[in-house]
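Peer 1: Residue-level listing of the chains:
Number of protein chains: 2
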Amino acid sequence: MSAAPLRIGLAGLGTVGIGVVKIVQRHADLIAARAGRPVVITAVSARDPKKNRDADLSGYAWETDPVALAKRPDVDVFVEVMGGHDGPAKAATEAAIAAGKDVVTANKALLAHHGQALALAAEAAGHVIRFEAAVAGGIPVIKALTEGLAGNKMRRVMGVMNGTCNYILTRMQSAGLPYETVFEEARQLGYLEADPNLDVGGIDAGHKLSLLSSIAFGTQVAFDAVELEGIGNVSIDDIRLADEMGYRIKLLGVAQMTGRGLEQRMTPCLVPAASPLGQLQGGTNMVVLEGDSVGQIVLRGPGAGEGPTASAVMGDVIDLARGLRLPTFGQPAATLAAAVPARSANPTPWYLRMTLLDKPGALAKIATALGDAGVSIDQMRQINSHDAEDDDAIVLFVTHKAAPADVAHAMSSFAATGVLVGAPVAIRIEEV
Amino acid sequence: MSAAPLRIGLAGLGTVGIGVVKIVQRHADLIAARAGRPVVITAVSARDPKKNRDADLSGYAWETDPVALAKRPDVDVFVEVMGGHDGPAKAATEAAIAAGKDVVTANKALLAHHGQALALAAEAAGHVIRFEAAVAGGIPVIKALTEGLAGNKMRRVMGVMNGTCNYILTRMQSAGLPYETVFEEARQLGYLEADPNLDVGGIDAGHKLSLLSSIAFGTQVAFDAVELEGIGNVSIDDIRLADEMGYRIKLLGVAQMTGRGLEQRMTPCLVPAASPLGQLQGGTNMVVLEGDSVGQIVLRGPGAGEGPTASAVMGDVIDLARGLRLPTFGQPAATLAAAVPARSANPTPWYLRMTLLDKPGALAKIATALGDAGVSIDQMRQINSHDAEDDDAIVLFVTHKAAPADVAHAMSSFAATGVLVGAPVAIRIEEV
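From first to last, the protein sequence lines stand for chains A and B.
Each residue of the first sequence is one higher than the last, beginning at 52 in my numbering.
Each residue of the second sequence is one higher than the last, beginning at 52 in my numbering.
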């Protein structure tokens, strides 16, 4: 092996960073054989050099400042696994690009917010940013979409891409526990981000969807245009009622280019329990890629964790060692079109759940409001729940196919009826 | 777009070739944007230039001899979608390499038989052979394994990779029809190769498995070492009995590196009906990739057809247009180890079906033979079937976990009992 080694500067020594260290150390020979040259770590950075970590770091130079790491002359590739969309991660990534390094990052927040600017800077400097680990953990979905399916006009990209949300929803389902209880379990298991809203608010998954959209449709990342709804309003009643009708509730992302513009949404949806998405358990991720020639490709795998995320980082690093280089979003950032956001408009059935006051004519008023908005009712059920007080009734509607705007209109008109307790819940039913 | 176009010479104008023509013509702008340069077809070859084809070929030079096509100076990449492991496909591929072209091929048979020699020749000449379309149709599994998971020591590769066999087995299951009837249906639908044994004998799927093995384990392609068993002995009784026990029968490939050497088998297996593999319908393929860091990645998609296969071909072509080049099997062919074949040895439960003569003590003799071979019985059932004549009894055993060698030993000892009608059937039960 005579070729010069590829030298990694590794910023971040949390779970993923230590995973990268382990792979580089354990598989030095295997990687050298595949990459055609050795891949080595020369320097690392983390806030606390004294912290006890599950790996031998004694052979590496230490930097406490990731910006200093990014500028080191003995670093070819800056690997950023710190996280955070501003602050040190952004500063260090910018410094790495300015210093003429390639970048491999697991940071979806950074790219969702600053991907276009960073890609432009990297491409102007003749360098690349790769981010397989930022989306769907160990699943090589960025590669599949950017390279494997590059001959396709993409029709649609979908996915369950936040393992924590899927853990919470499947645990509520299997154990019959309310959201708050399972949320607390997830926190204690360390599954939640420091700001849990990144997970349960759908933000993290929305970041990922916006990155896939950019590649699929040749548009600049438009995270702000993602219709975002978290899982915080999904109740155990919803889970149970969906189950009885043969559905599961998933935090599902859908992006598609329409004649009106780019639709991107990350929202809870009912999907058939027997479908591949419906059967997805725990922290597993699934991404569905639909292209005009290939039809539908489904990728499933672990969405997070030390090994899977480090595997994705190393896939990118080995690409660079092999000389495989391409623009961040599959085509030069300067050629990406500005996304024209469009609200989702496809009519689907909807699941509506609300609590009605025990008043004569309450149900009729709601039914009338639905009819006035052009939303027709397929099924209606009144259910008993410990969540309903006194004689209030929880009522469930399943609608015929209805446009999202019509459903939103109906929902907003309910308030004027004066018969609702609390806010109604509307969840799209996707027959995926 | 000032960069020079990448020029394709397309050998073969069957379903896949025409699919490639359509993509190149329909998505010229999209591909140029992604590849950073135009991708054009300059010349094509097929046996009959006069045949009516579903595409406008008027802009391309014609060669009736693919070898002449391969040598043309206006061709950068020789795309081989003719098929056949010898004859014109091999001659033309060799000619292309000798003439200094890169090669993109959909030909699993060619690579399963001659992949090592062709890869050595290409690499000696500084050129590459890519073959995404050769395995699992539109699923970008070669890319996922070679590049995306390159940081992993692979543990196991599995898959259902022949759509025709899966069509036959799922159709037998859903319609309750015998093998012969569904085989004939498949023939009339054009699903079968000219030599149907390539499909139903497991040979085509075995070719694909041997290519995945080479990449996964860094070994020279060893198709001859694949334990191969087709689906011709799977009866409707087997399908029905498996169903009653909660299983489906699939032609499943498994490759893994063990301390004894490389195991590769492509055989019918019982898999849980509710598992992703068990739920795979019709011509869909599924590949499971297991690595030490990533865990399990599952890829599902269309295994054949014009669009999916052409999508895979174009993925490779666009890689080349982008300058993404790597060795055929992920590392230089000269560094691939010779595979040391090992018979599969993992104990699993087995499904055994046989027809016994209506003689006293017949069952006892079989049970004794099983016991003598060290195979213990978990369940036994006698069933009625229109396939059994007179008073002969069809008997089904499900064994406890037993080593394949012990089961084979038991099976071979049955003959001496003199109580069997015809050949017994043994199918492995995989709890995947």
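Just so you know, these hints were derived from the structure itself, not from any lab.
Treat each hint with caution, since some may be false.
[What the hints assert, rightly or not] Straight-line C-alpha distance at most 20 Å; calculated EDC-like pairs for lysine to aspartate or glutamate:
hint, chain 1, residue 1, chain 2, residue 2
1, A, Lys204, B, Asp99
2, B, Lys416, B, Asp442
3, A, Lys102, A, Glu341
4, B, Lys204, A, Asp125
5, A, Lys73, A, Glu357
6, B, Lys141, B, Glu231
7, B, Lys73, B, Asp442
8, B, Lys204, A, Glu357
9, A, Lys73, B, Asp429
10, A, Lys122, A, Asp107
11, A, Lys73, B, Glu145
12, B, Lys73, A, Asp343
13, A, Lys141, A, Asp275
14, B, Lys452, B, Asp409
15, B, Lys204, B, Glu341
16, A, Lys204, B, Asp429
17, A, Lys410, A, Glu357
18, B, Lys141, B, Asp105
19, B, Lys73, A, Asp275
20, B, Lys416, B, Asp429
Peer 1: Look at each hint and say if it fits the structure.
Peer 2: Verification of the hints:
About 31 Å separates the Cα atoms of Lys204/A and Asp99/B, which puts this hinted pair outside 20 Å; it is violated. A threshold of 20 Å between alpha carbons decides the hint, and for Lys416/B with Asp442/B the separation of about 18 Å falls inside it, so the pair holds. Distance hint between Lys102/A and Glu341/A is unfulfilled; the C-alpha atoms sit about 45 Å from each other, more than 20 Å. This hinted pair does not check out: Lys204/B and Asp125/A have alpha carbons roughly 28 Å apart, beyond 20 Å.
Distance restraint check for Lys73/A and Glu357/A: the Cα-Cα separation of roughly 10 Å lies within the 20 Å cut-off, and the hinted pair is therefore satisfied. Pair hint Lys141/B plus Glu231/B does not hold up; C-alpha atoms about 34 Å apart against a cutoff of 20 Å. Restraint check for Lys73/B and Asp442/B: the C-alpha separation of about 60 Å exceeds 20 Å, so the hint is violated. Simply put, Lys204/B and Glu357/A have alpha-carbon atoms about 15 Å apart, close enough for the 20 Å limit, and the pair holds.
With a CA separation close to 43 Å, the supplied pair Lys73/A and Asp429/B exceeds the 20 Å bound. The suggested pairing of Lys122/A with Asp107/A is violated, with an alpha-carbon distance near 24 Å, which exceeds 20 Å. For the suggested pair Lys73/A and Glu145/B, the alpha carbons sit about 42 Å apart, so the restraint of at most 20 Å is broken. Between Lys73/B and Asp343/A, the direct Cα distance comes to roughly 11 Å. Compliance with the 20 Å bound is thereby established for this hinted pair.
Under the criterion of a C-alpha separation no larger than 20 Å, the hint pairing Lys141/A with Asp275/A is consistent with the structure, at around 18 Å. This hinted pair does not check out: Lys452/B and Asp409/B have alpha carbons roughly 29 Å apart, beyond 20 Å. In summary, the hint linking Lys204/B to Glu341/B is supported, as the alpha carbons are separated by about 9 Å, within the 20 Å threshold. Distance check on the hinted pair: Lys204/A and Asp429/B sit about 52 Å apart at the alpha-carbon level, beyond 20 Å; violated.
Only pairs whose Cα atoms come within 20 Å are accepted, and Lys410/A paired with Glu357/A is rejected, the gap being roughly 55 Å. Under the criterion of a C-alpha separation no larger than 20 Å, the hint pairing Lys141/B with Asp105/B is inconsistent with the structure, at around 26 Å. About 36 Å separates the Cα atoms of Lys73/B and Asp275/A, which puts this hinted pair outside 20 Å; it is violated. Taking the CA atoms of Lys416/B and Asp429/B, the gap is about 17 Å. The hint holds against a cut of 20 Å.
Comparing the model with each earlier hint shows violations of hints 1, 3, 4, 6, 7, 9, 10, 11, 14, 16, 17, 18, 19; every other hint is respected.
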